[in-house]
Amino acid sequence: MIEIRNLTKVYHAGEQDILALDDVSMAVEKGEIFGIIGLSGAGKSTLVRCVNMLEKPTRGSIIVDGQEITALDEKDLRTARQKIGMIFQHFNLLSSRTVFDNIMFPLEIAGVPVDQARKRVQSLLEVVGLTDKAEVYPSQLSGGQKQRVGIARALANEPSLLLSDEATSALDPQTTRSILRLLKEINRNMNITILLITHDMGVIKEICDRVAVIDNAKLVEIGDVMDVFSSPQTPTSRSFVGAIFNREIPEELLHRSKANNGQDIARLVRVSFIGASAGEPIISSMVRQYDIQANILYGNIDRVKDTPFGNLALELIGSPAMIDSGLAYLNDRGLEIEVLRDE
Amino acid sequence: MNEVLGIALPAWALSFWQANSWLAEALAVATWETIYMVLISTLGSYIFGLPIGIILVATEPGHILENKKVNQILGSIVNVTRSIPFIIFLILLIPFTRWVVGTYIGTIASIVPLTLAAIPFVARLVESSLKEIQWGLIEAALSMGANAWQVICKVLVPEALPSICLGVAITAINLVGYSAMAGIVGGGGLGTLAYYQGYQRYNSLVMWSTVVVLIILVQGMQMLGDILSARVAKKRR
Ligand SMILES: Nc1ncnc2c1ncn2[C@@H]1O[C@H](COP(=O)(O)OP(=O)(O)O)[C@@H](O)[C@H]1O
Ligand SMILES: [Mg+2]
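Residue numbers (the numbering used here), protein chains in the order written: chain A, 1 to 343; chain B, 1001 to 1237.
Simulated from the structure, these hints should not be mistaken for laboratory data.
Careful: at least some of the hints might be erroneous.
Reference excerpt, derived from the structure (chain A facing chain B, CB under 8 Å, subset only) [to be verified]:
id, residue
1, S45
2, V48
3, T58
4, H90
Distance ranges between label pairs, derived from CB positions [what the hints assert, rightly or not]:
id, chain 1, residue 1, chain 2, residue 2, range
5, B, R1098, A, V10, 49 to 59 Å
6, B, S1083, A, G202, 21 to 31 Å
7, A, E3, B, N1067, 55 to 65 Å
8, A, E3, B, V1070, 35 to 45 Å
9, A, G202, B, L1224, 49 to 59 Å
10, B, L1065, A, N191, 54 to 64 Å
Listed below are the simulated DSBU-like cross-link pairs for lysine-lysine, each with C-alpha atoms no more than 35 Å apart in a straight line [what the hints assert, rightly or not]:
id, chain 1, residue 1, chain 2, residue 2
11, A, K119, B, K1068
12, A, K75, A, K305
13, B, K1069, A, K119
Idealized CB from N, CA, C, for every residue including glycine.
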């Protein structure tokens, strides 16, 4: 759906050059919800804005739906943009127009006949649940309602791609969830690919299929949301994942010295489990099957999209051979093991 | 005391105006002339000033019709013409006015310098109104594939309309002042009345009556502008 090749963007701010994107290459598949996460100033907005050429790339090319968007002339670019919807953090609705006319706006731009356009607006109002607000001005709407109008407006010309620049960042958690649910519905029912950026790992966790992590203008990690959550590869990703799943083991546990009796050792491990195994008593059967004691130091279970996702810090006490077999047993059942301390 | 004043004052005023009925008539004619001059030149100055203001904004660096040359040239013309004092502008324009209207005296002739003097002023007013619009709105329109013309007609002007309405009132009020100046060199309206009948004949009654009418006129225009702007804005609230 989107192919980004060696995208570099340099801003010239007075005397200074700001490198906002540094040789970024990635692809977004048709029909997926792709999230880009990064800290403020990392270059996320620049990246999505390059996709519809609101920002001209300094180098590199972008192909959207088979069309090299970076090579189009002004006129063709305008036509191409009609098929790329965009929603914004601050909604950007026209205060001079009612909700109905705001959704009408892109249809006017595209020159859709009025009758047809009005029908389309009506059905979009139903999709976003704002039929009763059609004749109201944006200033009378709540943030969540404004974003719904923004979404309806972005969908007006039946785009194949929806870009979202921090669309939920100005909303409270509950409203955020309802907007994300709406985006998910749109993605499924209308088969619209969504490229969203956010600084909130919660958003990624909630709806994204794949995620890319941007740090300091560079793409540092890209992968399935599950993989990034269970084993983040870079410090930036780890801190993002840590922000919603506490993966930190308290210092005092890490350095607690265990009184050993002869050959026994204590090994501290982190066990991550995804999906169905989260519901099975694997740990307890391991303890029963092998001669190991297991102290659960801490643990949590959360959901990533619709899949259970858990994290356990275990202190295993027993002979080294037993512990190795126990861990192998866990590994065979699809659990991910990370040794934190061994003595 | 109040009762005495309450009856005596209107009675005095009535007899006074009967004795000076020529003044009432002259005031009425002059007021109409002033309103007429101001309305036509406000209209004229917007016909030219509005597009110039739009071009000034749109040709700025990074804007929808970015064009450094046009922006700089237009900006300088606006600045230069704005810095010429109106009274001098009036005199400089005499040949032009005469060429356009055939004379440089009278109400119709005054409209030419009034309009021309107000155009750069209007352009700057419009420019500042348009600059109040958040860039995000323009960007949203661009992201939908809008061209520059659509951005201007569907975003810039409608979004800035409340502010533009206030600008119209400011322009008209300024033009009331300018029209009085034009009146002194024979432009007609309240200025001519105040100068020729009042100042030159030492008639302070005429002077003060025109001042009162001018105050009412200016107040009225400001109110009209406020109401208009509030109405446009209120619909959106
Ligand atoms: N129009 C611009 N002019 C100059 N610098 C910019 C501009 N837009 C963004 N930047 C800079 O580029 C970097 C990336 O910005 P941005 O893409 O907005 O980051 P993010 O959306 O991740 O917060 C920042 O350092 C920012 O200051
Ligand atoms: Mg941003």
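Open item on the list: Could you work out which of the previously given hints the structure breaks and list their numbers from low to high?
Closed with: 1, 2, 3, 6, 7, 10, 11, 12, 13
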